[in-house]
Amino acid sequence: MLLGVNITRKKLVYILLIIGPLVCVVASLFIGRYPITIADVTGVLWSKLTQNPSGIPEKYYAIIWEIRMPRAIVGALVGGSLAISGAAFQGLFRNPLVSSGILGVSSGAGFGAALAILLFSSTSYVYLFSFVFGGVAVFLSYIIGRVYNTTLTIMLVLGGVIVSSIFSALISFIKYVADPYNQLPTIVFWLMGSLASLQFKDIFIAGVPMIVGIIGLIALRWKINVLSMGDKEARTLGINTALYKAIIIAFATLATAGAVCVSGIIGWVGLVIPHIGRMLVGNDNKVLIPTSLSLGACFLIIVDNLGRVISGSEVPLGILTALVGGPFFIYLLKTTKGGGW
Amino acid sequence: MRKAALSRLFVFSLSLLIIISLLLTGCTDGGKVGLEQNKSSNTVLVTDSAGRTVNVPEKVNKIGCLYAFSGHVVAMLGKGPNVVAVVEGLKRDKLLTQMVPTIKDTMTPVSSGAINIEELIKADPDIVFVQTDTASNPGEVEKLQKTGIPFLVVAFNSIKEQQFAIEMIGKAIGAEDKAKEYIDYYNSCIKQVLDKADRIPESQKLRLYHSVNEAARTDTRNTLPADWIEVTGAINVSVDKNLKLIEDKHFASLEQIYLWDPEVIMANESGVADYILTNKQWAGLKAVKDRKVYQMPNGISRWGHPGSLETPLAVLWTAKTLYPEMFTEINMAAETKAFYKEFFNFELTDEDVTKILAGKGMRISKGSKG
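In order, the protein sequences belong to chains F and V. The first sequence lines up with residues 0 to 340 when you count with numbering that gives the first Met the number 0. The second sequence lines up with residues 0 to 369 when you count with numbering that gives the first Met the number 0.
On the chain V side, residues computed to face chain F include the following (Cβ under 10 Å): (1) 245; (2) 252; (3) 253; (4) 258; (5) 260; (6) 280; (7) 281; (8) 282; (9) 284; (10) 285; (11) 288.
Computed, partial: chain V to chain F, Cβ under 8 Å: (12) 110; (13) 254; (14) 255; (15) 257; (16) 279; (17) 283.
Calculated directly from the structure, the hints in this document are not laboratory data. The C-beta atom is built at its ideal place from N, Cα and C for all residues, glycine as well.
With the hints as constraints, model all of the structure from the sequences given.
Written out as structure tokens, the structure reads:
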């Protein structure tokens, strides 16, 4: 009897998780500074679907299809990537207080992007470098966290804080030495990145690392479950812990690096969203990982739309996510008392 | 009992100490030294753009230009070879370094807006021109004051203020006559355009979007471009609108630009016009559909840029581009050649003129654009 209820509820959650981001993407096509009636938006979408020109001004096509659509899709990908990698890191390190931002991955990736521009004066190696330095950042945070084994949870956060601030300092340093006419504007553009000027071609370039990272993490979500039980338990189950940890970290870093490269460093999404997911579906990474993906996607699209609507001169994403995320982190510290789950 | 009272006294006196020390620090701030020393006895009083009155040596031999615009003006006033310290940007300017090759060998005592004071002292200028950013930063001002080198603030947000700044630089380096010549030319260009542009009825004025360096960066009220574009008989669509401010630069969102739907777009950075013309996101705009997206010329600076010396040329070029049938008498190629000959004593080849007017290749372009 109870089982029957549970199954339908579970199905409902899954359906919502799939539909949610789609609804958010479609809804954000209706929101913007340029007033387009609901009928016209549906008209544009309908004629796109049916490949049938419907006499709607070309302007509307450009606004809805070329401006709002890519922004919504990349927003979903960025939010999903940050949230899913946050969930993966939390499961992997068995630590509710970590995320790409906290572990320094975002700053590391940002530094990598800036360094690539500085060294090559072009943006061709941006993704490679931001991936590599994102990985270096997690590794360093982990090493620092191991200094005192007794309070690993807090030490890992502390290690991340140290690593992030070192990488932020390095970013500032690169900005300082960069040629202010050629390289600096490009670096600032990459680091500040907003979703405002995104195009479809950005989706194809930046989308690859994000999608690969997301797919990898979804495929490995069972392993995260096993790893989250602890190294010893995982080993008794015959899992090569070191190898799987490395692979999962690599996928999570890849997703984060892709997100950072397209939208700059957006904090807190990766920390907050997995916890909200846990409140909804519980601790099982099998369910939690896809839930985080979906929630993250919805969250960032909603925040981005809020930023567009609140004031005429778009509020940067990072500000809004930090205003939500900061207090939430304090709440987490209090409820978890700085320990594990 | 006694112990508690004692510790309370201790805490009280400590708090008092903190408060007193804070108050004292507050006081010292008021007594700032604001004096510039002068090296020679013969000095001239010059009022700079910030309204400060500064004692400047009568004979200025070595000039520091820590604002690109001041370097352009000094070069125009024939004192280019006297420049001993510049900002990095001046060295990248192909045309300027061709005119004044010595600029390449000068020092750059400033990086990311911060002055390296020992480098500046090593360059040993008699006078330094700085921009508002420097002058409004107390740390930088203090550094400059320590050197005892008189510094003048160069800043402008309108045609009038730009002319004042040029006059001021002329006075400071002893080239007032040449500065006046330039300002006369400046005013004659404005008059030439305004005479006709003023007669255009409001309803027939073209609505212009001015892209500054980046496609979505544009003009706001109280900037030089807002002022000079008004002269050309265009309606600058972004002025008085709610723009996004990032590090003192104003940006429009694409949807805003769609709302304005300008009839003409002018971009001052090489490549941006092509970007706008080929980018699908901009494709629905009237100006793009009518192919009325223009690359503005680029000589010593990007014409019409907020800090450009070539504003009078920008006025002529824009008027001619917007209303060609009305301004048939303007010949931009001849005007350009004459301008650099007259004010920079530099003979441009026909190829140079074409390059300048096409706005390409005069400045090392920025990296890729989003």
